[in-house]
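**Q** Below are the chains, spelled out letter by letter.
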Amino acid sequence: MQVLADLLRKNEAALADRWLELILASYNPDTAGFFKQQKNRFANPVGQTFAEQTRVVTERLLAGEGIEAFQDPLHEIVRIRAIQEFTAAEAVGFVFLLKDAVRETLADSLRDEQAARELQAGLHELERRIDRIALLTFDIFVSCRERVYSLRLREIRAGYVQPG
Amino acid sequence: MAEHKPDQMEFYKQEELQQIDLNPPKEGWQDQPADFRPGSWIYPTKPKHLESLGMPNPREWSPADEDWQLPENWQEIIHKKFKELLGKYRSFRIFMDTCVRCGACADKCHFFIGGGDPKNMPVLRAELVRSIYRNDFTTVGKILGRACGGRKLTMDVIKEWFYYFYQCTECRRCSVFCPYGIDTAEITMMAREMLHELGLGVNWIMEPVANCHRTGNHLGIQPHGLKDTLEFFCEDIEDVTGIHIDPPINKKGAEVLFVTPSGDFLADPGTFTCMGYMMLFEEIGLDYTWSTYASEGGNFGLFTSADVMKKLNAKIYAEAKRLGVKYIIGGECGHMWRVLNQYMDTMNGPADFLDVPKSPITGTVFENSRSTKMIHITEFTADLIKHGKLKLDPKMNDHVRVTFHDSCNPARAMGLLEEPRYIINSVCNNFHEMPENTIREQTFCCGGGAGLGTDENMEMRLRGGMPRGTAVRHVQEKYDVNQLACVCAIDRATLVTVCDYWAPGVQVTGVHELVANAMVMKGQKERTMNLRLEPLPGAEEKEANDGES
Amino acid sequence: MTAILALGAILILILLAGFGSQVAGLQVVFGVAVPYAAIALFLGGLVFKVMSWARTPVPFRIPTTCGQQKTLDWIPSARFDNPHTTLGVIGRMALEVLFFRSLFRNTKVDIRPGGRIIHTPAKWLWAAALAFHYSFLVIFIRHLRFFTEPVPGFVKAIQSVDSFFEIGVPSIFLTSFLLLGALGFLLLRRLVSPQLRYISLANDYFPLFLLIAIGTTGVLMRHFQKTDIETIKAVAMGILSFSPVTAGGGALFTIHFFLVCVLFAVFPYSKLMHMAGVFMSPTRNMANTNRAKRHINPWNHPVAFRTYEEYEDDFRDKMKAAGIPVEKE
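Protein chains in written order, with the numbering used here: chain P, 1 to 164; chain E, 165 to 713; chain C, 714 to 1042.
Please note that a few of the clues may not be correct.
Stated by the list, open to error - Dumping the calculated DSSO-like pairs for lysine-lysine here, alpha-carbon to alpha-carbon at most 30 Å:
no., chain 1, residue 1, chain 2, residue 2
1, E, K485, C, K1031
2, C, K1006, E, K485
3, E, K415, C, K1031
4, E, K316, C, K1041
5, E, K490, C, K1041
6, C, K762, E, K245
7, E, K247, C, K762
8, C, K1006, E, K416
9, C, K946, E, K252
10, E, K283, P, K36
11, E, K522, E, K490
12, E, K686, E, K490
13, E, K490, C, K1006
14, C, K1041, E, K415
15, E, K252, E, K316
16, E, K306, C, K762
17, E, K485, C, K1041
18, C, K1033, E, K416
19, P, K36, E, K485
20, E, K244, E, K316
21, E, K559, E, K490
22, E, K642, E, K553
23, E, K415, E, K555
24, E, K212, C, K836
25, E, K416, C, K1041
26, C, K1006, E, K522
27, C, K1033, E, K490
28, C, K1033, E, K212
29, C, K836, E, K642
30, E, K247, E, K306
31, C, K836, E, K283
32, C, K762, E, K283
33, E, K415, C, K1033
Unchecked claim - Covered stretches of chain E, going by a simulated chain P footprint (3 or more residues, C-beta under 8 Å):
no., region
34, 194-205
35, 270-279
36, 394-405
37, 428-435
Simulated from the structure, these hints should not be mistaken for lab results.
Ideal placement from N, C-alpha and C gives every residue a C-beta, glycine not left out.
Generate the whole structure from the sequences, applying the supplied hints.
**A** Given below as structure tokens:
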């Protein structure tokens, strides 16, 4: 357990970067480039939010923090993906990419059978936690969608729009 | 294929999890048809509205249909209209010819920033039309075709136009950064005008247009309804201030005709702004009148075609003439002022039957509207405040921490930047600007302008509203800002939603709501509520204390 | 792909000229027919295009305002960014044409940890564009020495300033390398930035490759495979005096000269017309005097609208019932 945690913490920045890269790959490549390159929070709120909040999530995951600690950073990300042109699976699926990022980060260590065996238990535990985070993400996604519909409803009630 | 276990990397098929095509598009943008996903397009015009306006091809249809039921010779119709517009607008011709695709505009569009669809880069939005122009109207394009960026006019192109030109809010932000001043708003206007020839429009624009034609306002409020509404506002004003107001309606011989967007009659928080105007006019004793016939300042014709814009706008001068007023004041509205400032006089002038606006209170002559004879309410009010003609108690707004959203059209088609700021600073003690590249001429759109402010495209609007929302969130976190002031009726409707999603806790207000709340009126009772009928901080305690003593 | 298409076109042009210079019979084509055709295409196209713009009306006054309007006396207005006088417009256009004001506007704002807002300019595009255009202008003026006899003083002056550092023999012109550097940057950003690659057409790469080829052959002729200036001048003067000399100047010169002819020939039919367009863009070259002076639209045809009489006829009963004054009882 400890071995895994140390190993990952040492590579925390690389892990977060890789995860972000995998998430941005879900956008049109031209756009992904913009999201990645433009560092200005106001000119590029999407890319900057993703960059900041994936770092926070990674950090808290490796620090072993409780599930509540993930609510805010995930909300920032999901709130954006919930209104972009994604299906529910696409919008939430980015959490699972963290598993890929973890395994890619550990690729060198896992190649050694001895080390791989030692890491296995810890890895299993970590991935279970990521699954838990994914479930939370799904809750957040649904709450964001509910928000969108309640906003629609309010506008309809206010009379700004006539339904249909 | 071997079965993989969950702890093996191969188990997680990235592609399956994401279910997105990660491959870069093989072909260029020219061959990627628009993908009509719900949440990104607006319901088409109902046939009855097109019929009442005498516009082409009324029918029931949906953008999700394969067949859009266009007339057989639709290509010919578009070509003819294209040619006509090229002959009528130098802007269109030059914007078709001069773009060098330098990319300065690419990341300036709020829809691209918030959503990332590359065709929302202004340069590509324009290329959707420009590619057809090259192919059909330039010699080189006719010879070289695809090799020099030409494209055949196909049904996919028309669908793409409909999709992307109803995903442009005509906010002109890209134009600010363009070295040749290429204005996507202009191109969008042309494209929409062409689409209308085929009966391709959206209901959220055309229903208000039809309403406005018949009843005088977008909402379809009939004369008696408008009177009821205004009287209802006066009851609230009386509750708050103890002052009774009789709203003057269709009053002949008044000095001023007042015109505001009908959104101000309909829903909060626009209604509070409307009350603000009435209280201001009452306080200074302005001899003004409302009109039920010209009861709309806004003009959804701007989002339709030049002729429809002119048709709707014509009522304002006609009514000013009939009522015999001296000049016109216009309320807080964005695209309304684009029309009033840049189109009205040319289209429906000259207004030689009116006088150059002169404030009866301060004597200031508004030379800047010497010809149009219509001034913006914030110009009028800023002048009043400058001359000390209003008794203001900014402390009344101390619970408000406000920022100001420059509405696109007053900012980039007029330059109304300082007047509202001067007013806000005079009536509020806590004013904080949003970051520099999100205000003034660089202001970000609310995401609902140019007829996109409906609900079925909510996701698109929230994407487009995100850059604005991010900036609001910033001042909310940094300065504890809790109100966003603006001078636009569409903002007052759509930014409420944008803020609720991106910066919950920030309310939206009109500038004249803030004025009215801070204005000490002659003979008013002590204010314990603001115009929203919310108790003022401290007022409840005080009341309780007063009760005890 | 589009870049390769454009590059291929340039290579074919180079080969064509290289081949032409070696075949005796074709020297008439490259030395006489091509330059006159290019001049004709350039002038004809330019005049036609500008006339077609000028003939098209400007129905509405639609400046994009980028600063405070002129209203109340005590509010300072943005004289150039939101001009309300002809002088202001001239100022705005000068800033735009001479200094690329709008590209310069490309600023970025960011927040540093701790909430401090910093402004970082995003001025690479602006700098490269400016470097390219001014270098091109200087090079264009320098080349007048081939077309004038005696060479005017200002041409000599510019030439001596340009070779100020006197490096090499003949001394190098700074602008030659500035031009190639700037073009290289402009090309590279199109190829490297995914956004720009996506929006770029063959029409965008073609002028870049063409100018790079012209610049490179120019530098080669001056510093590496030296070409006899007197011969070139004879060719140039011959063209101007309508008594063309066909005595070539070597393959390199023929290629350089041919590519310049191509540049002139395609100019009016390509995006290079932005040079003229920038002066005529209605969002930039009009004063924001919208409400002070009526702008006339030449095709302002009448449009029927619903008159008050029609409106009152529709709602008279309701208006009377509500106590709203009416024209006809």
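**Q** Would you mind marking each hint as holding or not holding in the structure?
**A** These are the hints, each one checked on the structure:
1. At most 30 Å may separate the alpha-carbon atoms for a hinted pair to count; E:K485 and C:K1031 meet this at roughly 23 Å.
2. Straight-line distance between C-alpha atoms of C:K1006 and E:K485 comes to about 20 Å, which keeps the hinted pair within the 30 Å bound.
3. Straight-line distance between C-alpha atoms of E:K415 and C:K1031 comes to about 17 Å, which keeps the hinted pair within the 30 Å bound.
4. With a C-alpha separation of about 57 Å, the suggested pairing of E:K316 with C:K1041 is violated against the 30 Å cut-off.
5. Using a Cα cut-off of 30 Å, the hinted pair E:K490 and C:K1041 holds, with the two alpha carbons roughly 24 Å apart.
6. For the given pair, C:K762 sits about 21 Å from E:K245 by alpha-carbon distance, which is consistent with the 30 Å threshold.
7. Among the hinted pairs, E:K247 with C:K762 is consistent with the structure: their alpha-carbon atoms are about 16 Å apart, no more than 30 Å.
8. Distance check on the hinted pair: C:K1006 and E:K416 sit about 28 Å apart at the alpha-carbon level, within 30 Å; holds.
9. Of the supplied pair hints, the one linking C:K946 and E:K252 is violated, its CA atoms being roughly 47 Å apart against a limit of 30 Å.
10. As the CA atoms of E:K283 and P:K36 are separated by approximately 18 Å, the hinted pair is consistent with the 30 Å bound.
11. Between E:K522 and E:K490 the CA atoms are separated by roughly 9 Å; this keeps the pair inside 30 Å, and the hint holds.
12. As the CA atoms of E:K686 and E:K490 are separated by approximately 27 Å, the hinted pair is consistent with the 30 Å bound.
13. With a CA separation close to 18 Å, the supplied pair E:K490 and C:K1006 stays within the 30 Å bound.
14. Taking the CA atoms of C:K1041 and E:K415, the gap is near 15 Å; set against the 30 Å cutoff, the hint holds.
15. Distance restraint check for E:K252 and E:K316: the Cα-Cα separation of roughly 23 Å lies within the 30 Å cut-off, and the hinted pair is therefore satisfied.
16. Taking the CA atoms of E:K306 and C:K762, the gap is about 16 Å. The hint holds against a cut of 30 Å.
17. About 17 Å separates the Cα atoms of E:K485 and C:K1041, which keeps this hinted pair within 30 Å; it holds.
18. For the proposed pair C:K1033 and E:K416, the alpha carbon gap of about 16 Å is at most 30 Å, so the pair holds.
19. Restraint check for P:K36 and E:K485: not satisfied, since their Cα atoms lie roughly 58 Å apart, outside the 30 Å limit.
20. Between E:K244 and E:K316 the CA atoms are separated by roughly 15 Å; this keeps the pair inside 30 Å, and the hint holds.
21. At most 30 Å may separate the alpha-carbon atoms for a hinted pair to count; E:K559 and E:K490 exceed this at roughly 36 Å.
22. In summary, the hint linking E:K642 to E:K553 is not supported, as the alpha carbons are separated by about 35 Å, beyond the 30 Å threshold.
23. A distance of roughly 28 Å separates the Cα atoms of E:K415 and E:K555; the hinted pair therefore holds under the 30 Å criterion.
24. Restraint check for E:K212 and C:K836: not satisfied, since their Cα atoms lie roughly 52 Å apart, outside the 30 Å limit.
25. Between E:K416 and C:K1041, the direct Cα distance comes to roughly 14 Å. Compliance with the 30 Å bound is thereby established for this hinted pair.
26. Restraint check for C:K1006 and E:K522: satisfied, since their Cα atoms lie roughly 17 Å apart, inside the 30 Å limit.
27. Proposed proximity of C:K1033 and E:K490 is supported: the alpha carbons are some 26 Å apart, at most 30 Å.
28. Taken as a hint, the C:K1033 and E:K212 pair is honoured in the structure, with Cα atoms around 29 Å apart against an allowance of 30 Å.
29. With a C-alpha separation of about 29 Å, the suggested pairing of C:K836 with E:K642 holds against the 30 Å cut-off.
30. Restraint check for E:K247 and E:K306: the C-alpha separation of about 15 Å stays at or below 30 Å, so the hint holds.
31. Annotation: proposed proximity of C:K836 to E:K283 holds, straight-line Cα distance about 24 Å (limit 30 Å).
32. A threshold of 30 Å between alpha carbons decides the hint, and for C:K762 with E:K283 the separation of about 29 Å falls inside it, so the pair holds.
33. Straight-line distance between C-alpha atoms of E:K415 and C:K1033 comes to about 14 Å, which keeps the hinted pair within the 30 Å bound.
34. Coverage of a stretch by a chain is defined here by at least three residues with a beta carbon nearer than 8 Å to that chain's beta carbons; for the region 194-205 of chain E and chain P the count is 4, and the condition holds.
35. By the rule of at least three residues with a Cβ nearer than 8 Å to a Cβ of chain P, the coverage given for the region 270-279 of chain E holds, with 6 such residues.
36. By the rule of at least three residues with a Cβ nearer than 8 Å to a Cβ of chain P, the coverage given for the region 394-405 of chain E is violated, with 0 such residues.
37. A stretch counts as covered by a chain when three or more of its residues have a beta carbon under 8 Å from one of that chain; for the region 428-435 of chain E and chain P the count is 3, and the coverage holds.
Against the hints set out earlier in the document, violations occur for numbers 4, 9, 19, 21, 22, 24 and 36.
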